[in-house]
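Engineer: Chains as they are written, first to last, in numbering that gives the first Met the number 0: chain B, 0 to 295; chain S, 0 to 398.
Source of the hints: derived by calculation from the structure; they are not laboratory data. Note that the coordinates shown come from a computational prediction; the quantities given were computed from them, not determined experimentally. Just so you know, not all the hints are guaranteed correct.
To be verified - Chain S side only, calculated, beta carbon under 8 Å to chain B, not exhaustive:
id, residue
1, SER39
2, GLY40
3, SER225
All residues carry an ideal CB built from backbone N, CA and C; glycine is no exception.
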Amino acid sequence: MSYLHFIDTLQSIADGVLFGATYSLLGIGFTLVFGVMHKINLSYAAASIGAAYASLIVLSVVKAPAIFIFLLAGLSGGIIGFVIYVVCFRFIPQANPLATLMSTVGALLLIDEIIVHATVGIPVPYPALFSDVIIDAGPFTLRGDLMFMFALGCLSMLLLLALLYRTKIGIATRAVAQQPVAAQLCGISIPRINGLTFVITGVVGGIAGAMIGAAIGVLSPLLSLPLTTKGLIVTVIGGLGSIPGAIIAGLLVGGFENLFQYFRGVTERDLYVMLLLFVFLVFRPGGIFSPAAGRD
Amino acid sequence: MIKKSLTLFATLGAIAGFVVTSPAVAQERSVKIAGFGAKSGVVRVFGINSEAALKAALEQINNAGGVTLGDGAKGKIALEYYDDRCNAEEGISVVRRIASTEAIIAVGPTCSNVAESLFGILQKKVGDSSDSGLQFPIIADVAAKGGLAKISEWAFRNVPSEFEMYKSLFAWVKTQYPDLKTIYGGVEKDFAHSNATFGVIKAQAEASGLQLLGQGEWLLNDTTFSTQVREMKRANPDVVAISAHPFTTCGVLKEMQRQGVKPKLLIGLTSSSSIETLQGCGVQAEGIVIPTSFAPVTPEAVKAAELVAKFGGSADLHSAAAYEIGFILKNVIESQKVMGKPDTVAADREKMRAGLAALKETDGLLGKVGRTADREAIKPFLFVHAKDSAWKVLHKPGS
């Protein structure tokens with residue numbers, strides 16, 4: 000391997016890992032809902048992109064600095080998350096997992112079509128914060144906006160972990176995830192915790208959607224499906240229900256994705272990411288950090 | 000006496016009624032046509048623009064008295080527009096549905112993959128009794144992949160020839176920028192139009208003497224382009240040609256700006272000469288040169304752009320084709336003496352096909368449009384470039 004190839008390899012990994020922070024946040028959203036309700040919310044990535052769109056609308060009405068777009072996207076994501084909970088989970092029999100799964104597929108398509116109809120499918124410019132900042136680190140260049148996204152992603156993850164492990168709400172959420180019947184006997188309202196979980200994951204998803212929009216500089220309804228796929232891959236590789244697993248897997252998938260692209264080209268890239276998924280399913284079906292049965 | 004008067008009055012009334020209502024019925028006769036394209040999904044904008052352009056053209060025709068039918072009566076052209084979601088199966092299903100109505104022709108589709116599959120279900124050769132394919136004329140307005148009309152004699156296109164456009168563009172580049180020697184390509188690999196057009200760009204660039212240094216590839220919904228642009232930067236080409244639609248074109252242009260890639264000339268895909276590119280990355284697209292078959296540079300084109308906007312669409316190289324098709328159909332309906340009656344639908348469809356096949360030239364918004372023997376259009380075109388976040392005419396070949 001020549002020096003140039005070595006540098007390019009490292010650069011590809013660095014770019015991929017930095018962008019992978021967004022995959023981690025999406026993976027956390029998928030995994031948290033699964034951990035608490037043992038259900039997959041397939042509309043999650045679409046809702047994240049929907050929240051990013053909503054933040055643009057809010058920002059156009061409320062004149063605030065562009066940096067607030069992450070906060071607005073988080074708030075929008077929380078609201079959308081709660082609506083999805085009410086529509087797709089609250090009143091649908093929990094004993095029928097297929098019904099909730101299909102309702103979230105419906106929500107995914109609905110959100111996508113709402114975006115497409117509202118924007119006529121035309122990509123919408125999104126505030127590209129720190130996009131002009133380029134950090135030259137020796138032979139590498141690091142994008143300022145991706146560094147910011149990575150830092151914001153890490154901060155969001157830490158806040159989420161603090162919420163789950165240092166607050167009463169977090170204890171209640173983990174109790175519902177581990178032993179729902181016991182939690183109910185202790186006076187914890189399961190529907191309330193479930194709803195709250197969707198709000199929390201919605202906030203995380205909204206921030207992830209805004210990060211993706213800011214990193215690309217444009218929002219498009221084209222983003223929903225590939226991000227749903229990436230979120231699911233991250234969730235499975237990380238281990239269903241494991242937050243640390245989702246974080247590590249997001250960065251791993253981001254890095255490998257770029258690496259595969261560098262070595263094998265874009266047409267084979269997704270094939271190798273899928274192969275990575277198969278390797279995990281065969282050799283470590285529970286994911287990187289598979290939680291012990293009944294415990295997180 | 001009274002009874003006789005009443006009978007006479009009733010008879011006169013009936014005659015008067017017949018006399019009055021007959022022309023009324025004739026006036027209300029309508030020739031039904033159908034339009035179809037992507038009105039949902041991520042390429043919805045194409046369907047919206049095409050429908051608006053068709054409606055704008057038909058409003059012009061109908062307000063000017065409509066069309067003269069085969070029996071001398073006047074008729075209006077009525078349009079029903081369908082959504083094919085840019086999906087081949089949906090497109091086939093939509094056209095089968097249209098064929099079961101009284102529509103005498105369909106205008107569409109948006110996507111080349113739909114057109115390719117759809118034209119395959121039409122009867123290949125007219126009059127071939129052994130071919131049970133659908134006998135229904137279709138004229139494409141947007142589907143841009145070259146040579147699709149060859150598939151069936153019932154298929155027509157009013158789509159510009161990208162082969163001619165890029166051939167002319169690179170010939171012009173050779174005369175205007177003789178110092179440019181190398182080119183690097185970028186292609187959206189998983190979209191039929193951009194991928195096929197890249198083949199045309201590559202061939203024409205090399206034919207004009209440019210040396211291809213390499214090509215970067217990405218997918219329609221990709222979000223990061225750092226690897227591709229890094230290789231592009233290392234190749235240090237004089238010209239960069241991007242064959243991609245606005246979303247990824249903007250992504251690549253932004254990454255090129257970040258990495259400081261500044262080629263002497265930037266060339267884009269026909270479909271990117273749209274408002275989407277300027278909205279998404281007007282600053283980064285500054286200077287990009289794109290050949291297009293529509294720009295509001297003639298009085299007819301300016302008027303068409305205004306009318307299409309009135310119907311909620313935007314006139315561009317794709318929808319302008321739909322606008323022109325409206326007037327082409329009017330001429331064919333009149334020259335072929337289409338009847339526009341429920342019992343003449345099959346005959347009217349054959350007349351429309353024969354009429355379109357016989358055309359040697361039609362009127363276009365930028366000038367005369369030639370017709371080839373394999374039912375394609377030879378449309379006039381020009382080169383535009385992005386300047387101050389607007390598309391400005393850079394050069395008109397032949398002028």
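Engineer: Does each hint fit the structure? Answer for all of them.
Structural biologist: Comparing the hints with the structure gives:
1. Because the beta carbon of SER39 of chain S sits about 6 Å from the nearest beta carbon in chain B, less than 8 Å, this interface hint is met.
2. The closest approach between the C-beta of GLY40 of chain S and any C-beta of chain B is roughly 6 Å, which is under the 8 Å cut-off, so the hint is satisfied.
3. Interface restraint check: SER225 of chain S against chain B, minimum CB-CB distance 5 Å, threshold 8 Å, status holds.
Hint check: no violations occur; every hint is consistent with the structure.
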